[in-house]
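Q: For reference, the chains in residue letters:
There are 2 protein chains.
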Amino acid sequence: MAQKPSIPKGTRDFGQVEMARRNYIFDTIKGVFSLYGFQQIETPAMENIGTLMGKYGEEGDKLLFRIQNSGEKAALAPEKGLRYDLTVPFARYVVQHREELSFPFKRYQIQPVWRADRPQKGRYREFYQCDVDVIGSDSLLGELELIQIVEEVYRRLGINVCLHINNRKILAGIAEVIGAPDKIVDITVAIDKLDKIGVEAVNAELAERGLTDEAIKALQPILTTPSQNVLRTTTGRPIEQSSSPAQGRENNPQAKLAELREYLASSEIGLKGVAEMEEIFELVESTKTLLDSDDHRQSSVLKDESHFSIELDLCLARGLNYYTGAIFEVKALDVQMGSITGGGRYDNLTGIFGLPGVSGVGISFGADRIYDVLTELDLFPKELQSTTQVLFATFGAEELRYALGWAKELRAQGIAVEVYPEPTKMKKQMSYADAKQIPFVAIVGSDEMAQNKVMLKEMSSGNQQLVDLPELVKSLKG
Amino acid sequence: MAQKPSIPKGTRDFGQVEMARRNYIFDTIKGVFSLYGFQQIETPAMENIGTLMGKYGEEGDKLLFRIQNSGEKAALAPEKGLRYDLTVPFARYVVQHREELSFPFKRYQIQPVWRADRPQKGRYREFYQCDVDVIGSDSLLGELELIQIVEEVYRRLGINVCLHINNRKILAGIAEVIGAPDKIVDITVAIDKLDKIGVEAVNAELAERGLTDEAIKALQPILTTPSQNVLRTTTGRPIEQSSSPAQGRENNPQAKLAELREYLASSEIGLKGVAEMEEIFELVESTKTLLDSDDHRQSSVLKDESHFSIELDLCLARGLNYYTGAIFEVKALDVQMGSITGGGRYDNLTGIFGLPGVSGVGISFGADRIYDVLTELDLFPKELQSTTQVLFATFGAEELRYALGWAKELRAQGIAVEVYPEPTKMKKQMSYADAKQIPFVAIVGSDEMAQNKVMLKEMSSGNQQLVDLPELVKSLKG
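In order, the protein sequences belong to chains C and R. Note that our numbering has the first sequence beginning at 1, numbered continuously upward. Note that our numbering has the second sequence beginning at 1001, numbered continuously upward.
Hints are computed from structural coordinates only; laboratory data are not their basis. All values reported here derive from a predicted model rather than from experimental measurement. Take the hints with a grain of salt, since some may be wrong.
[Stated by the list, open to error] Keeping only pairs whose Cα atoms sit at most 20 angstroms apart, straight-line, the calculated DMTMM-like set for lysine to aspartate or glutamate is: (1) R:Lys1427 - C:Glu99; (2) C:Lys436 - R:Glu1100; (3) C:Lys436 - R:Glu1398; (4) C:Lys272 - R:Glu1100; (5) C:Lys436 - R:Glu1042; (6) R:Lys1004 - C:Glu42; (7) R:Lys1030 - C:Asp138; (8) R:Lys1009 - C:Glu79; (9) C:Lys62 - R:Glu1079; (10) C:Lys427 - R:Asp1368; (11) R:Lys1030 - C:Asp27; (12) R:Lys1004 - C:Glu100; (13) C:Lys4 - R:Asp1027; (14) R:Lys1436 - C:Glu99; (15) R:Lys1427 - C:Glu42; (16) C:Lys428 - R:Glu1099; (17) R:Lys1436 - C:Glu79; (18) R:Lys1062 - C:Glu79; (19) C:Lys30 - R:Asp1027; (20) R:Lys1428 - C:Glu99; (21) R:Lys1428 - R:Glu1471; (22) R:Lys1425 - C:Asp138; (23) R:Lys1272 - C:Glu422; (24) R:Lys1009 - C:Glu42; (25) C:Lys427 - R:Glu1100; (26) C:Lys428 - R:Asp1138; (27) C:Lys9 - R:Glu1399; (28) C:Lys4 - R:Glu1422; (29) R:Lys1436 - C:Glu100; (30) C:Lys288 - R:Glu1398.
Pulled out of the complex, with its shape left as it was, chain C reads as follows:
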């Protein structure tokens, strides 16, 4: 036999079980997006190379997959590349279709992206992104809605999370206040490592990156605030038995922001950042109160087991340069994993395509990491394994015909049915049901047929009983 075929490094096939699980994640997320009026769009896999180049830095340009032109006029055609993310195509889309869109434009997009990264564990050359953005409004309601969406998605998935929030204007303000406004990137890169390497190592790195002793000294209050550089608040139900660093350290975010307001008193942009954060926290608190005090809460469809908290995290920087306001990252509490959702406010995303001054805010859900979290915590619903509810297994050609009639009737009632295509050995037919985790097998022999019944076997228990069609429908629907 020929060599087994394979697929390119860093790409994946998704089998039925993986697809059912991925669809569960995407359907859950889409369901929440829809509740907030976000609507789906799709853009082509290929973009003109000019749309992509220069948008992801020098390193990003190198990671673009380029398409060779083919066909008659290959030399004349503009070069093309595969989508590297969903953000740049979204910006291109908004500018290209601006006349047709109503703003604020609320869209989501779930499509694969491609990067010529070196493949390694958890890093793929093809992976799905799942982005939600509202563009064309600078109202902080956008931030509020995204926070609510994060809470609701993870509540539905049953994952306990902490949403870390910071603000680029605050980071800029800090850089100004310590007299190093041009060093904002160095400062954010360094303090991003605080959790891992500690204050002293961060200070050493800051010195290396050219910060003066004076600037580093001025930065210390940020690096060593009472709750270790983090201001926290908790919304929703209290956190119990979680591994969150916030545990037992509930703070009043308004008080913490007031401290920060003093620290940033000389920086206009820093104060603007503080004001934004105050408004966002106030919005979150006000809707929380309204919700929790409401009697209707009990009647809601939501699960109530999962926990959600928000932390003002001054260490949060996020690499992308287009963020200008609030930035977010979400971490799962009960499992070691990087950020599973992230995003932020941008004031000029469409500027790269000639439409300046349009503000928006968006986040991206990391489907692969969410998949891994759900797997590790065993949170996928069991019924995802099989969509088929019953398999008809038959002893002969006539019984097979008989089963086809029953199958057609069950399907007309909305029940997913398979008929094993040949009246082969019963063992083989049962193995098929086993492998596909089909919960029931309806066995049809001449006796059953004579009585106008089938022998219904429950695969988990091995229990069998003779049932007629209405009884079978009842068993499968019940």
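With chain C held as given, fit chain R onto it using these hints.
A: Below, chain R without anything else, positioned relative to chain C:
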């Protein structure tokens, strides 16, 4: 301002309305696939070029989009190309994962494919295919299930269709019988044009393609059978007011196949084809009888307005060389459009990857053409236009806060809600609802707030009424 950005020729952006409509098509199809136990898989956009090359003929090879290798070891990496269809990746998948799969393996796959075709109306360089196959069984139950799936999908979509069916073995038998077994391709290409150019032109073309006068003479009974080379049967409800050529010409397929059996008496393969068709028609008839005689029919969820018929169409050839048994094409009756679904039986698809002798049968739904048919016949459900059920429009910052609480409550009840993010001019907020076709606007001013109510406006009628929260929920859910 810079030049408006654009996308590569032959590719498309899908906006919210198009996406909602496309999702409606895909969700309908997926729902039916699930009823039959087909499960979804996905394969990567890129395949190794060796997987793709030589599978689509010389012309197809030229239409492959190739990916330039990038990164450090670019010269060493195997070359890659974008998926050209879903069939070859499916064959590759089955061979690569054969140890993990349980056969018969029932899968569906809905993903884009790419072809470097010259873009023109209705022909794109990126388009979705929607394939369903069962592989690993030569039972004609596969054919039956696909026929049932076609009937059910188009019944749910409300499209009247005719399913044309033929058999490659019958075509091979005809070529044998007329003494031109090596001319099967020429014969099928020529008779494929019968409807368009008529018998005489077809005969001329056959002569041009090297068929002897004798062979052409022997072919005439096929080209001029009583019902113009087509044997027909109708299942399901009778056809009324449709543009089907089958109208008023109901035939007994068994009798017609008996005629064909005589004609093909000297061809073993031809007779095998006839036997297959007899069994398929018999299976269709038997399940039809069972269903139509059943009292439970009334309780089914299916629409009963649409019409479905099956024709044995000896003109049907289909270009792809891997078909070895039944072949199908589906045409919409009430609109001029090519085939909207097609497929067939193949006995050696996985042979190209070193796994011979695995029989399967599959069909592909043409999403773009189905979209066009639904548009032309105005069959898309109206409610697809907007997912948002109510927009909150407010007169001030305090009202906006108030609306946020209501919105959160409605969402907890599963109702899709938007809150206009700023208390700007009422006209602007109403225009937003108009543009997004949101059916209700809940207007909040200080009066409404004082009464703990909102003014609910139905956009279609302009009717307004003051409602409290339970009344609002009732209005929106009812």
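Q: A separate judgement is required for each hint: does it hold in the structure or not?
A: Each hint, compared with the structure:
no.: 1; hint: R:Lys1427 - C:Glu99; result: holds, 19 angstroms
no.: 2; hint: C:Lys436 - R:Glu1100; result: holds, 11 angstroms
no.: 3; hint: C:Lys436 - R:Glu1398; result: violated, 56 angstroms
no.: 4; hint: C:Lys272 - R:Glu1100; result: violated, 58 angstroms
no.: 5; hint: C:Lys436 - R:Glu1042; result: holds, 18 angstroms
no.: 6; hint: R:Lys1004 - C:Glu42; result: holds, 19 angstroms
no.: 7; hint: R:Lys1030 - C:Asp138; result: violated, 39 angstroms
no.: 8; hint: R:Lys1009 - C:Glu79; result: holds, 11 angstroms
no.: 9; hint: C:Lys62 - R:Glu1079; result: holds, 17 angstroms
no.: 10; hint: C:Lys427 - R:Asp1368; result: violated, 43 angstroms
no.: 11; hint: R:Lys1030 - C:Asp27; result: holds, 14 angstroms
no.: 12; hint: R:Lys1004 - C:Glu100; result: holds, 14 angstroms
no.: 13; hint: C:Lys4 - R:Asp1027; result: violated, 34 angstroms
no.: 14; hint: R:Lys1436 - C:Glu99; result: holds, 14 angstroms
no.: 15; hint: R:Lys1427 - C:Glu42; result: violated, 30 angstroms
no.: 16; hint: C:Lys428 - R:Glu1099; result: holds, 16 angstroms
no.: 17; hint: R:Lys1436 - C:Glu79; result: violated, 36 angstroms
no.: 18; hint: R:Lys1062 - C:Glu79; result: holds, 17 angstroms
no.: 19; hint: C:Lys30 - R:Asp1027; result: holds, 14 angstroms
no.: 20; hint: R:Lys1428 - C:Glu99; result: holds, 16 angstroms
no.: 21; hint: R:Lys1428 - R:Glu1471; result: violated, 26 angstroms
no.: 22; hint: R:Lys1425 - C:Asp138; result: holds, 16 angstroms
no.: 23; hint: R:Lys1272 - C:Glu422; result: holds, 19 angstroms
no.: 24; hint: R:Lys1009 - C:Glu42; result: holds, 16 angstroms
no.: 25; hint: C:Lys427 - R:Glu1100; result: holds, 19 angstroms
no.: 26; hint: C:Lys428 - R:Asp1138; result: holds, 16 angstroms
no.: 27; hint: C:Lys9 - R:Glu1399; result: violated, 55 angstroms
no.: 28; hint: C:Lys4 - R:Glu1422; result: violated, 60 angstroms
no.: 29; hint: R:Lys1436 - C:Glu100; result: holds, 11 angstroms
no.: 30; hint: C:Lys288 - R:Glu1398; result: holds, 16 angstroms
The earlier numbered hints that this structure contradicts are 3, 4, 7, 10, 13, 15, 17, 21, 27, 28.
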